[in-house]
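**Q** Each chain is listed here by its residues.
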Amino acid sequence: MTMMQTLYDKLWQNHAVYTEDDGMTALYIDRHLVHEVTSPQAFEGLKLAGRKPWRIGSIVATADHNTPTDHWEEGIKDPISRIQVETLDANIKAVGAKAYFPFKDLRQGIVHVIGPENGATLPGMTVVCGDSHTSTHGAFGCLAFGIGTSEVEHVMATQTLLAKKMKNMLVSVDGPIPAGVTAKDITLAVIGRIGTAGGTGYTIEFGGSAIRALSMEGRMTLCNMAIEAGARAGMVAVDQTTIDYLKGRPFAPSGEAWDRAVAYWRTLTSDPGAKFDRTVTIDAASIRPQVTWGTSPEMVVTIDDRVPDPDKEKDATKRDGMERALEYMGLEPNMPITEIRIDKVFIGSCTNSRIEDLRAAAVVVRGKRIAKSVKLALVVPGSGLIKVQAEKEGLDRIFTDAGFEWREPGCSMCLAMNADRLEPGERCASTSNRNFEGRQGAGGRTHLVSPAMAAAAAIAGHFVDVRQWR
Amino acid sequence: MEKFTVHKGLVVPLDRANVDTDAIIPKQFLKSIKRSGFGPNLFDAWRYLDVGEPGKPNEGRPLNPDFVLNKPQFRGASILLARENFGCGSSREHAPWALADYGFRAVIAPSYADIFFNNCFQNGLLPIVLKASEVDRLFNDVAVNLGFQLVIDLGEQTAAYADGSATFKFDVDGFRKYCLLNGLDDIGLTLRHADKIKAFEDKRKLEQPWLF
Ligand code: SF4
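These protein sequence lines are chains A and B, in that order.
With the first sequence counted from 1, adding 122 to any position gets you the working numbering.
With the second sequence counted from 1, adding 6 to any position gets you the working numbering.
Check each hint, because a few of them may be wrong.
Once the Cα atoms are required to be at most 25 angstroms apart in a straight line, the calculated PhoX-like pairs of lysine-lysine come out as [claimed, not checked]: (1) B:K209 / A:K287; (2) B:K77 / B:K62; (3) B:K137 / A:K287; (4) A:K220 / B:K77; (5) A:K286 / B:K175; (6) B:K62 / A:K132.
Just so you know, the hints here were simulated from the structure itself, not pulled from any lab data.
Throw the hints in and build the complete structure from the sequences for me.
**A** Structure representation (structure tokens):
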């Protein structure tokens with residue numbers, strides 16, 4: 123009898139070119155996503171060493187981190203950002219790629235959004251990118267993870283990545299998902315439970331009936347934040363939802379190849395009885411809308427809870443961390459979350475900028491106005507294609523009528539490398555994935571929430587329980 | 007890549023858990039298309055009282071006197087002592103570039119985020135994992151001994167007190183150790199297996215042609 127394998131075991135085995143005695147393995151890389159921030163030094167290294175890319179057909183590239191989200195007709199005003207984007211243009215021109223979606227292209231967008239929507243991310247692939255949220259692509263039954271720039275160069279030069287096998291973790295979420303609870307709340311609840319280092323050294327497979335009930339958009343949100351739980355890769359097994367999503371996408375196979383591919387993709391699940399090194403089980407019914415209060419994604423509570431009190435924490439390092447976070451965030455212990463007032467709202471990022479996210483926010487916003495105290499509420503679609511789709515559905519009007527700004531696609535205020543940012547002390551309800559100090563602008567304060575929760579906070583001016591929204 | 011064999015240096019304690027790579031090198035500096043020059047902006051938001059920008063000269067910027075790197079007794083430190091989950095968050099290799107450019111050769115912590123950990127090895131920077139109790143002891147000893155130094159011997163896999171009073175063993179991956187000891191670029195090493203990669207790829211093209 124063959125050993126029962128997890129999905130990760132299968133993907134690993136299918137890509138191992140050779141393994142050294144100490145377990146160091148060269149993994150074959152099928153898809154290499156490239157963006158402007160982490161690639162210039164890799165292209166330069168390649169050139170200096172006189173090396174050629176191994177397989178340019180594996181490269182799909184776009185500019186997203188630095189690109190502005192308004193006044194596209196004026197180009198990129200920040201000269202340093204412009205140089206970085208132009209450097210990518212020049213590098214791709216010199217080297218080649220399967221596809222390149224440059225600044226202003228209709229299909230340009232956040233690297234983790236454009237891969238799946240174009241069918242450039244397919245089940246059974248290894249997908250890498252010089253960006254930690256590459257874990258997003260694991261939603262398709264892929265082994266997908268972020269790498270550093272030296273590794274970007276290594277993949278370009280050799281089509282492989284040197285890695286050691288991680289351990290297997292299963293996060294099983296079961297039962298019906300309550301109304302008002304989204305994939306974002308599930309993923310934040312998981313991080314709250316296992317901590318930001320809980321997944322270090324593991325690959326997480328998300329399973330259980332609640333995960334199977336999620337759309338591909340929801341699964342991407344979930345896997346996107348596996349890295350915030352410390353796991354380089356998160357994944358979901360292939361099922362009919364995966365296959366239906368991919369059918370007809372530009373880079374997905376068609377005809378006879380599609381049938382062959384689907385037959386193979388259906389094997390991309392963990393065998394019944396496969397062994398996981400750690401299993402975490404969560405009852406979906408227990409999950410409520412989540413709001414982070416601190417400067418790490420594990421500093422999270424539910425909307426009906428209060429800001430925690432460091433005096434109740436026994437561990438000294440943790441208590442110090444909490445006190446520092448509360449000071450940075452300008453919050454008092456024991457304050458109800460619903461009393462936290464916000465200055466800005468950001469709906470976007472590779473976590474929550476897909477069409478389903480925009481629809482969920484629009485439902486909350488329809489026919490209402492943002493609170494007077496809210497200085498700026500941004501909606502930034504994840505890609506040009508999503509923007510077009512949303513406009514077809516009239517979502518842009520719903521947002522702009524309510525006082526939101528409707529922007530061009532990109533990373534935007536998720537990391538504030540462009541002009542979209544928080545000023546020191548400003549507080550933001552954000553659908554992105556990191557609430558680190560200064561992440562959305564020096565001195566800025568970030569609370570991570572779902573799109574519906576961000577939209578409701580924009581209207582109310584403070585956090586509200588979206589389950590009670592009318 | 008610079009070799010790492012034996013290194014003796016001053017230890018600076020950064021007593022925080024979950025130090026993320028956004029803190030190590032803030033995003034505005036990622037606009038550079040070079041690998042060097044990040045050292046002056048290492049821990050920028052903690053180190054300076056104003057906001058740093060790329061292209062803005064760092065000389066003359068107001069330093070935060072409370073930040074440990076700015077304390078005179080830690081000038082010239084080359085070994086960073088930190089708490090758990092060091093280097094979490096973004097995959098930016100600019101973080102180890104900044105640490106190395108500042109002059110760090112090694113980091114000691116009870117645990118690291120995986121991507122950061124790998125990135126260090128590519129840049130001649132040795133991330134050492136010690137037990138939480140050993141890290142605690144180091145924090146205590148650094149606090150009471152001015153000019154506290156460690157001798158790190160990669161070959162022997164030891165970190166020893168400069169006065170010889172204590173020695174800690176650490177684990178390191180065999181392949182990473184070999185590359186670091188010899189200053190080797192792993193691309194060259196991998197390309198020695200080019201035939202195997204090619205054969206693997208050819209087989210894959212037959213079995214899953216839709217991937218190509
Ligand atoms: S949206 Fe944010 S997290 Fe996602 S790739 Fe862009 S900067 Fe990174």
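**Q** Now tell me if each hint is right for this structure.
**A** Here is what the structure says about each hint:
The suggested pairing of B:K209 with A:K287 holds, with an alpha-carbon distance near 23 angstroms, which does not exceed 25 angstroms. Note on B:K77 and B:K62: the hinted pairing holds, with a Cα-Cα distance of about 23 angstroms set against a maximum of 25 angstroms. Taking the CA atoms of B:K137 and A:K287, the gap is about 23 angstroms. The hint holds against a cut of 25 angstroms. In summary, the hint linking A:K220 to B:K77 is not supported, as the alpha carbons are separated by about 51 angstroms, beyond the 25 angstroms threshold.
Straight-line distance between C-alpha atoms of A:K286 and B:K175 comes to about 22 angstroms, which keeps the hinted pair within the 25 angstroms bound. Between B:K62 and A:K132 the alpha-carbon distance is near 50 angstroms, which puts this suggested pair outside the 25 angstroms criterion.
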